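Protein chains in written order, with the numbering used here: chain R, 1 to 349; chain B, 1001 to 1234.
Some hints could be false.
[Said to hold, decoys possible] The calculated lysine-lysine pairs, modelled on BS3-like cross-linking and capped at a C-alpha distance of 27 Å, are:
#1 K1125(B) - K1106(B)
#2 K1029(B) - K1129(B)
#3 K2(R) - K1129(B)
#4 K1125(B) - K2(R)
#5 K2(R) - K93(R)
#6 K1125(B) - K1029(B)
[Stated by the list, open to error] Now the in silico label distances, taken between C-beta atoms and shown as ranges:
#7 L257(R) - E1207(B): 23 to 29 Å
#8 F20(R) - G1015(B): 56 to 62 Å
#9 E1207(B) - G135(R): 55 to 61 Å
#10 V120(R) - K1154(B): 32 to 38 Å
#11 E1075(B) - A12(R): 46 to 52 Å
#12 E1075(B) - L4(R): 34 to 40 Å
#13 L257(R) - G1015(B): 32 to 38 Å
#14 H212(R) - G1022(B): 56 to 62 Å
#15 A1218(B) - D6(R): 44 to 50 Å
#16 G1030(B) - R193(R): 56 to 62 Å
#17 Q1175(B) - L4(R): 54 to 60 Å
#18 H212(R) - G1030(B): 57 to 63 Å
#19 K1125(B) - L36(R): 24 to 30 Å
#20 A12(R) - F1118(B): 35 to 41 Å
Don't read these hints as lab results, they were simulated from the structure. Predicted model only: the values in this text are computed from it and were never measured. For each residue, glycine too, the CB sits at the ideal point set by N, CA and C.
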Amino acid sequence: MKILRDHSTFLAVVVFLIAFPFLMALLDGQSIGAMLAGQSGNSKFYQGLLIEIFILGIFALSYDLLFGITGLLSFGHAMFFAVGAYTAGLALKSLKLPLPQTLGLVILAGIAQALLFSIVLPRVKGITFALVTLGFASVFHIVIMSHELNDLAGGDVGLQNIPKPDYLDPAAQRLTFYFVALAFTILVYLFYRRFVDSPTGRVCIAIRENEHRAQMLGYNTFYFKLVALIVSGITAALGGALHALYQPIVSPVTASLAYTVNALLIILIGGVGTLSGALVGAAVFRLLQFFLDKFFGESSSFILGVVYVALVLFLPYGIIGTWRAHRLEWQAAWRARFARVATMLNRKT
Amino acid sequence: MSNLLEVRDVHTFIGQFHILQGVTVTVPKGAITTLLGRNGAGKTTTLKTILGLTPPRTGQVIFDGREIQGQRTFEIAALGIGFVPDYRAIFRDLSVEENLRIAERKPGDLERKADLIFGLFPDLKRLIKLRGTQLSGGQQQMLAIARALVADNKLLLIDEPTEGLAPVLIEQMMQAILQLAAETTVLLVEQNFHVASQLAKHYVIIEEGRSVQSGVMADLLKDTATVRRYLGAA
């Protein structure tokens, strides 16, 4: 019972997300049978939107581990995601590999990238590390857009016509894809929570706060940063693989600085270093994009910018960070309000 | 009494500045040795040089019979040297327990040292679940020292432990450091000569990056001219 009480919010969100496709179908007047058969409708559409949020959330979680928890600011994080997406796409399309082998290859690609980034770890820190990683990502961005690789990677259009396994085809099996993406997001989140609460995670937090202090305690901080890079790299690459499976095209934009900035923006909105903030931030980010686009068309970018500025101004620690910082006083204020109302009602009666 | 640490004629640069210009410090095992000197004399840099945070350009640092200059900070720390910096260097985003737990070198270190740590700093037991940000300055200083006690450090480098503390806390901190000396060897930097003279058995005076005098504290206390000349106190 204690576990249920301690994690009630998390469990409530999971239950809601499991029920979501069915609730949407009911609200839309669609029968559950039709929804399960993958017929078009609001339920299928919003499942797609949520899948995009899950993928963004996984990507943002991986960035939060690197930047929010370990303090490694990377401007090239999108490369992890893009390499995962392109590796998955090419393995399925050109190498005709089955999905399990493809995912194995994606994991290896994530590790290889983390090792590549780690070459510079002992030599550069802070903004210099960020710029070096941006350099790596820019080179990758240029390579996948090059004419020489046009046949393989699709140039500036991107990688198209990736064959998807029948059981995970996002068009025909949207609900299955939805639950796979949801399960993977939950697994990644729980793994990250466990990681951050582990002794290794505590050292990562210590490195973020002050690397010298961690060294003074006898920790070789390089290895801990490497572990964070590898875990983050694998996660982002798997997020990229999910993206390749879901989207019709893997665009080279996924390797651009803008994509890394998206991850940064998401964790700023949700709360840097909070983990759950990455998921909340991804939802806010994508839903704002979607609804503002829907209602304001081309002006949406301007409004989006204003909303982001307002969020950063009024929620300086992000949604989750600010909630954690002020939860007790807010709860006390609400309790006091309820008590006043109850007193007034008692007097009247 | 054998020496646990010997710093021999070290010269340390920070950037282009020649900060330590020949510092020699001998720390006998099982006692408190204090580095004395005015602000900016090079006391803290000496501690950082020992720990490899500002590595010496020349000279030797010999700990427990082996040369350690040139080794990396984490390697030196792992040999059994704990450092308590002067800026209450706890991890503010970690809880008191996590701050202590992170200093373990072997699983169960904290449990083994719990009696000692919570005996010295009983407040920490009460505050165990609080985050570093929720502690007062004095509590942070206690936690910083307690953290250095978790692992079996042979030598503790303590920098200005009473700086900025209220008088009642200074007294408590002094008692704690005296009890520490029964467990381990301490090299202490303390600006407050009154405090240092009550705690330390040995001293080294550092003046403008050079060690100029060393000996037994009891002798220094009788030498008011030296105290006035180098430390501005009497």
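How the hints compare with the structure:
1. K1125(B) - K1106(B): holds, 21 Å
2. K1029(B) - K1129(B): Between K1029(B) and K1129(B) the Cα gap is close to 35 Å, so the pair fails against 27 Å, i.e. violated.
3. K2(R) - K1129(B): holds, 18 Å
4. K1125(B) - K2(R): Holds: K1125(B) and K2(R) sit about 24 Å apart, inside 27 Å.
5. K2(R) - K93(R): violated, 48 Å
6. K1125(B) - K1029(B): violated, 30 Å
7. L257(R) - E1207(B): 23 to 29 Å: Distance hint for L257(R), E1207(B) is violated at roughly 53 Å.
8. F20(R) - G1015(B): 56 to 62 Å: holds, 59 Å
9. E1207(B) - G135(R): 55 to 61 Å: Given a distance of about 48 Å, which is not inside 55 to 61 Å, the answer is violated.
10. V120(R) - K1154(B): 32 to 38 Å: holds, 35 Å
11. E1075(B) - A12(R): 46 to 52 Å: holds, 48 Å
12. E1075(B) - L4(R): 34 to 40 Å: violated, 46 Å
13. L257(R) - G1015(B): 32 to 38 Å: Between L257(R) and G1015(B), where Cβ atoms are some 33 Å apart, the hint holds.
14. H212(R) - G1022(B): 56 to 62 Å: Violated, at about 26 Å.
15. A1218(B) - D6(R): 44 to 50 Å: violated, 58 Å
16. G1030(B) - R193(R): 56 to 62 Å: violated, 45 Å
17. Q1175(B) - L4(R): 54 to 60 Å: Violated, at about 47 Å.
18. H212(R) - G1030(B): 57 to 63 Å: With Cβ atoms ~28 Å apart, the hint is violated.
19. K1125(B) - L36(R): 24 to 30 Å: Hint violated: Cβ distance 57 Å, outside 24 to 30 Å.
20. A12(R) - F1118(B): 35 to 41 Å: The hinted range 35 to 41 Å holds for A12(R) and F1118(B), with Cβ atoms some 39 Å apart.
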